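Chemist: Sequence:
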Amino acid sequence: MNGTNGNQSGFTDKALVPYPVILAATKGDPDAMKMVLQHFSGYIARLSMRKLYDERGNVYFGVDEDIRERLQAKLMLAVLAFKAE
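The opening residue of the sequence shown carries number 1 in full-length UniProt numbering; numbering runs sequentially from there.
By construction, these hints were calculated from the structure, which means they are not laboratory data. Predicted model only: the values in this text are computed from it and were never measured. One or more hints might be untrue.
Unchecked claim - No more than 20 Å apart at the CA atoms, straight line, and that leaves these computed lysine to aspartate or glutamate pairs for DMTMM-like:
| hint | residue 1 | residue 2 |
| --- | --- | --- |
| 1 | K83 | E69 |
| 2 | K74 | D29 |
| 3 | K27 | D66 |
| 4 | K51 | E85 |
| 5 | K51 | D31 |
| 6 | K51 | E65 |
| 7 | K51 | D66 |
| 8 | K51 | E69 |
Working from the sequences, and respecting the hints, build out all of it.
Modeler: Structure (structure tokens):
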């Protein structure tokens, strides 16, 4: 194993959240928590996509901000509850 999590060598910095960042986030460091949220922002945005309608009834897809904020809160609670040994 080369530590790239199956990704090409050019993407190693985005493959995983570094362990020191995770450890700091579990202790409540706001900067580390921001890095964890930023790492998962694309996934959270994808999960938050909903079918929306404009005033003329046209359909388009957009991020539901309420769902996005709920998912971010769940992730923060999970990180704070994580026991790193």
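Chemist: Which hint numbers doesn't this structure obey?
Modeler: Those not satisfied are hints 1, 3, 4, 5.
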